[in-house]
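> What follows is the residue order along each chain.
There are 2 protein chains.
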Amino acid sequence: MELFEAIEKRHSYRGGFTDEAVNKEDLKRIVSTGLAAPSGCNAQTTRFVIVDDPAMLAKICAMHTTNIAMQQAKAMIICIVDKEPQPVYEDKSFAIEDCAAAVENMLLAITALGYASVWIDGWLRVEGRADKIAKLLGVPDGKIARVLLPIGRPAEKVTAREKMPFEKRAWFNQYSRKS
Amino acid sequence: MELFEAIEKRHSYRGGFTDEAVNKEDLKRIVSTGLAAPSGCNAQTTRFVIVDDPAMLAKICAMHTTNIAMQQAKAMIICIVDKEPQPVYEDKSFAIEDCAAAVENMLLAITALGYASVWIDGWLRVEGRADKIAKLLGVPDGKIARVLLPIGRPAEKVTAREKMPFEKRAWFNQYSRKS
Numbered sequence: 001m002e003l004f005e006a007i008e009k010r011h012s013y014r015g016g017f018t019d020e021a022v023n024k025e026d027l028k029r030i031v032s033t034g035l036a037a038p039s040g041c042n043a044q045t046t047r048f049v050i051v052d053d054p055a056m057l058a059k060i061c062a063m064h065t066t067n068i069a070m071q072q073a074k075a076m077i078i079c080i081v082d083k084e085p086q087p088v089y090e091d092k093s094f095a096i097e098d099c100a101a102a103v104e105n106m107l108l109a110i111t112a113l114g115y116a117s118v119w120i121d122g123w124l125r126v127e128g129r130a131d132k133i134a135k136l137l138g139v140p141d142g143k144i145a146r147v148l149l150p151i152g153r154p155a156e157k158v159t160a161r162e163k164m165p166f167e168k169r170a171w172f173n174q175y176s177r178k179s
Numbered sequence: 180m181e182l183f184e185a186i187e188k189r190h191s192y193r194g195g196f197t198d199e200a201v202n203k204e205d206l207k208r209i210v211s212t213g214l215a216a217p218s219g220c221n222a223q224t225t226r227f228v229i230v231d232d233p234a235m236l237a238k239i240c241a242m243h244t245t246n247i248a249m250q251q252a253k254a255m256i257i258c259i260v261d262k263e264p265q266p267v268y269e270d271k272s273f274a275i276e277d278c279a280a281a282v283e284n285m286l287l288a289i290t291a292l293g294y295a296s297v298w299i300d301g302w303l304r305v306e307g308r309a310d311k312i313a314k315l316l317g318v319p320d321g322k323i324a325r326v327l328l329p330i331g332r333p334a335e336k337v338t339a340r341e342k343m344p345f346e347k348r349a350w351f352n353q354y355s356r357k358s
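Taken in order, these protein sequences are the chains called D and V. First residue of the first sequence? That's 1 in my numbering, and the numbers climb one at a time after it. First residue of the second sequence? That's 180 in my numbering, and the numbers climb one at a time after it.
In case anyone wonders, no lab produced these hints; they're calculated from the structure. You may find that some hints are simply not true.
[Said to hold, decoys possible] Far from chain D, some chain V residues (derived; all Cβ distances over 10 Å):
#	residue
1	197
2	199
3	200
4	202
5	203
6	204
7	244
8	250
9	261
10	265
11	332
[Unchecked claim] Below, in silico cross-link-like pairs of lysine-lysine (DSSO-like), each with a Cα-Cα straight-line distance of 27 Å or less:
#	chain 1	residue 1	chain 2	residue 2
12	D	163	V	238
13	D	24	V	342
14	D	83	V	207
15	V	347	D	163
16	D	24	V	347
17	D	92	V	207
[What the hints assert, rightly or not] Now the in silico label distances, taken between C-beta atoms and shown as ranges:
#	chain 1	residue 1	chain 2	residue 2	range
18	D	19	V	338	38 to 44 Å
19	V	345	D	58	24 to 30 Å
20	D	54	V	321	46 to 52 Å
21	D	92	V	238	21 to 27 Å
22	D	174	V	241	14 to 20 Å
23	V	341	D	126	36 to 42 Å
24	V	345	D	92	50 to 56 Å
25	D	166	V	341	23 to 29 Å
26	V	237	D	159	21 to 27 Å
27	D	166	V	234	19 to 25 Å
28	D	55	V	347	22 to 28 Å
Each residue gets a CB set at the ideal place from its N, CA and C atoms; glycine is no exception.
Start from the sequences, fold in the hints, and give me the full structure.
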């Protein structure tokens, strides 16, 4: 799929998935786009656990009570970051930015391959869910599950949510509160 | 350009630019991909100032002493975020993630259109540079310049820096320290 088409078509998907499995080659290809994402000082801080084992999937799917995509996911990609990232520039680390850039690449790849997903982040950070999932996946103590992407073939047609127009968010040469 | 090709070809570019201007239509198209990026709870927190005025460009270019792409930029996109973002999910905001996802979309668009850029972030956060640039651009007090992308036609051929292989950063179903 052409880049600009993938960017336009990508949207958060919280609906049901068909029974079709997500094959390992596609999962590797999706994660490879996460590996190729930029990272501050090329530190490549994000790690990825791909879940496609039915027993493991069932345990994580059972944790979400409302999001149907989470409940019916045929595979998941879980992004792992350090709880206390090492500084790489002055006293700064860019682990959150690194992870987000990797997630965006993967969401575009998921779209281009005809799957659907949604960026699960805040939900992981409450009720100890990130730690519970990290424990299931054997993640070392100093690291945490930061973002989770449930993946499958969408069973419903969903379109992207409306976005504010260009002139409300972008301007040439001077920030404008007027437009 | 095909999505996977754009992801593979994108790389940080710190070299010189040709004299060719970046036309306004391309700049709008690049920023439109930033607008289309996902954001936590669809809050669309990032704002964008596109700099192509030669006098304004010259002021910002003069601030960097080592990065040739910054010194010779023919245009810039500056991402603006709230200094204290509003919570959108429980007590959490996702402004940093929102901005990073927008930046990654724009870097891919820059690549697909034959331009080059580099994600400038940490440099802005020292010596008051983010505030100086925000003041030049008329950014309101509660907001800050978070990421800057210098843009132009690359005058040199640069390839992507080496990345760790898949098996060092990604695994199926269990995090592995061994591979």
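> Now look at each hint and say whether the structure bears it out.
Comparing the hints with the structure gives:
The non-interface label for residue 197 of chain V is consistent with chain D: the shortest C-beta to C-beta separation is roughly 22 Å, beyond 10 Å. Its beta-carbon lying about 18 Å from the closest one in chain D, residue 199 of chain V satisfies the requirement of being farther than 10 Å from that chain. Under the 10 Å C-beta cut-off, the non-interface status given to residue 200 of chain V relative to chain D holds; the minimum distance is some 13 Å. At roughly 12 Å from the closest C-beta of chain D, the C-beta of residue 202 of chain V stays outside 10 Å, upholding its exclusion from the interface.
Residue-level check failed: residue 203 of chain V sits 8 Å from the nearest beta carbon of chain D, not beyond 10 Å. The Cβ of residue 204 of chain V sits about 12 Å from the closest Cβ of chain D, beyond the 10 Å cut-off, so the non-interface label holds. With a least CB separation of 16 Å from chain D, residue 244 of chain V remains clear of the 10 Å interface cut-off, as annotated. Annotated as non-interface, residue 250 of chain V keeps its C-beta farther than 10 Å from every C-beta of chain D; the closest such distance is 19 Å.
The non-interface label for residue 261 of chain V is consistent with chain D: the shortest C-beta to C-beta separation is roughly 13 Å, beyond 10 Å. Listed as a non-interface residue, residue 265 of chain V keeps its Cβ farther than 10 Å from every Cβ of chain D; the least gap is roughly 14 Å. Non-interface call for residue 332 of chain V relative to chain D: holds, since the shortest CB-CB distance, roughly 18 Å, exceeds 10 Å. Distance hint between residue 163 of chain D and residue 238 of chain V is unfulfilled; the C-alpha atoms sit about 33 Å from each other, more than 27 Å.
With a C-alpha separation of about 21 Å, the suggested pairing of residue 24 of chain D with residue 342 of chain V holds against the 27 Å cut-off. Distance check on the hinted pair: residue 83 of chain D and residue 207 of chain V sit about 37 Å apart at the alpha-carbon level, beyond 27 Å; violated. Of the supplied pair hints, the one linking residue 347 of chain V and residue 163 of chain D is violated, its CA atoms being roughly 38 Å apart against a limit of 27 Å. Our distance criterion of 27 Å between C-alpha atoms is met by residue 24 of chain D and residue 347 of chain V, whose separation comes to about 17 Å.
Distance check on the hinted pair: residue 92 of chain D and residue 207 of chain V sit about 31 Å apart at the alpha-carbon level, beyond 27 Å; violated. Residue 19 of chain D and residue 338 of chain V have their C-beta atoms about 42 Å apart, which keeps the hinted 38 to 44 Å range intact. Against the hinted window of 24 to 30 Å, the Cβ-Cβ separation of residue 345 of chain V and residue 58 of chain D comes to about 26 Å, which satisfies the hint. Take residue 54 of chain D and residue 321 of chain V: their Cβ atoms lie about 49 Å apart, and the range 46 to 52 Å holds.
Here the CB-CB span from residue 92 of chain D to residue 238 of chain V is close to 25 Å, well matched to the stated 21 to 27 Å. The hinted range of 14 to 20 Å is satisfied by residue 174 of chain D and residue 241 of chain V, whose Cβ atoms lie roughly 19 Å apart. Look at residue 341 of chain V against residue 126 of chain D: about 38 Å separates their beta carbons, and that is inside 36 to 42 Å. Range check, residue 345 of chain V to residue 92 of chain D: Cβ separation about 28 Å, and the 50 to 56 Å hint is violated.
A hinted range of 23 to 29 Å for the beta carbons of residue 166 of chain D and residue 341 of chain V is inconsistent with their spacing of about 37 Å. One distance hint, 21 to 27 Å for the beta-carbon pair residue 237 of chain V and residue 159 of chain D, is violated here, with the actual separation near 43 Å. The given range of 19 to 25 Å is respected by residue 166 of chain D and residue 234 of chain V, whose C-beta atoms sit roughly 24 Å from each other. A beta carbon spacing of about 26 Å between residue 55 of chain D and residue 347 of chain V agrees with the range 22 to 28 Å that was offered as a hint.
Hints 5, 12, 14, 15, 17, 24, 25, 26 from the list above are not met by this structure, while the remaining hints are.
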